[in-house]
Amino acid sequence: MALINQEQAAEHYAAAETHMAGLKKIVDLRGGLENIEDGIVAVKICRTDILFAMQQGGHPLFYRDHMVHIKRILSSRGFTLESSSDAYSLRHSRLDSALQEASFDAMGLCRLFNKHMDEKPLNLLEFQEVLISICYRLLRFCTIGESRLKHDIQSAYHIGLSLFMISIYFHNKQDRMARPGLITALVKEVTESILDDSEDEFTFWLLILGGISVPRNDGREWMVEKLRDLASMLGVMNWEQAKDCLAIFPWMNAIHDEPSRKLWDLVCLVDG
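In my numbering, the protein residues as written are 5 to 276.
Because the hints were derived from the structure by calculation, they are not lab data.
You may find that some hints are simply not true.
In silico BS3-like links for lysine-lysine, alpha-carbon gap of 25 Å or less [what the hints assert, rightly or not]:
{"#": "1", "residue 1": "Lys124", "residue 2": "Lys29"}
{"#": "2", "residue 1": "Lys154", "residue 2": "Lys192"}
{"#": "3", "residue 1": "Lys75", "residue 2": "Lys29"}
{"#": "4", "residue 1": "Lys119", "residue 2": "Lys266"}
{"#": "5", "residue 1": "Lys247", "residue 2": "Lys119"}
{"#": "6", "residue 1": "Lys266", "residue 2": "Lys192"}
{"#": "7", "residue 1": "Lys124", "residue 2": "Lys192"}
{"#": "8", "residue 1": "Lys124", "residue 2": "Lys48"}
{"#": "9", "residue 1": "Lys124", "residue 2": "Lys154"}
{"#": "10", "residue 1": "Lys29", "residue 2": "Lys48"}
{"#": "11", "residue 1": "Lys75", "residue 2": "Lys119"}
{"#": "12", "residue 1": "Lys28", "residue 2": "Lys48"}
{"#": "13", "residue 1": "Lys266", "residue 2": "Lys247"}
FRET-style restraints, in silico, Cβ to Cβ [stated by the list, open to error]:
{"#": "14", "residue 1": "Arg81", "residue 2": "Ser236", "range": "43 to 53 Å"}
{"#": "15", "residue 1": "Val72", "residue 2": "Pro219", "range": "36 to 46 Å"}
{"#": "16", "residue 1": "Gly149", "residue 2": "Gly35", "range": "23 to 33 Å"}
{"#": "17", "residue 1": "Pro219", "residue 2": "Ala258", "range": "21 to 31 Å"}
All residues carry an ideal CB built from backbone N, CA and C; glycine is no exception.
Kindly generate the complete structure, drawing on both the sequences and the hints.
And the structure:
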């Protein structure tokens, strides 16, 4: 699995695909993913599969969704994935039910950890199971490649939520792991050809996610310029107002606040 990730980081995608096929054979010989008893190994396989599928814009080789089990665990510990929000629910009421459910689980996960981070409601393995479940449901709903061809509100939110999951799943690594130019291309396609003025807050969130997920020489300057213009239109003048805008959407404070604040500082520098 490490070799597959190394090949992708080196942009040797054909070699990575060959290794993925080999991984699929190994898993099949063991009776499938659910028959792998070591949960850590299973989630590593899924993580590799998800990254490859999102990089290449295709379908994953595996599927794993343990959300029902995780929600039972949370309930036994006195926690819940609280996903209800008037603003968020209204905004997502027009989405396909499968995409809406994945969005609500992502929002619920963020609220859980934003509110109870110190209480550690999930251990690392359980946390990764949630990420895997959401990512696989997103990929089952539609691949990145398919979304890029549709140019509608469903595909815009699908791409946005996929980028959000990448920003969590590959925290501090997405700018190295993501295929060069991919994240910038996705953000540009969504913001320039799909969204209208009624989605300005979503666009702001998407541009922030994009800006923290790419290196400086891979489109960040373009995103900073777009953010400056959009912030002016929205009346967002400081970081606190920016956070209020971002909080409408999935946002994990412990992961996203620091890099986003640095990005916002760049927006202010450009503005000045």
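- Task: Please write out, lowest number first, the hints stated earlier that are contradicted by the structure.
- Result: 1, 3, 7, 9
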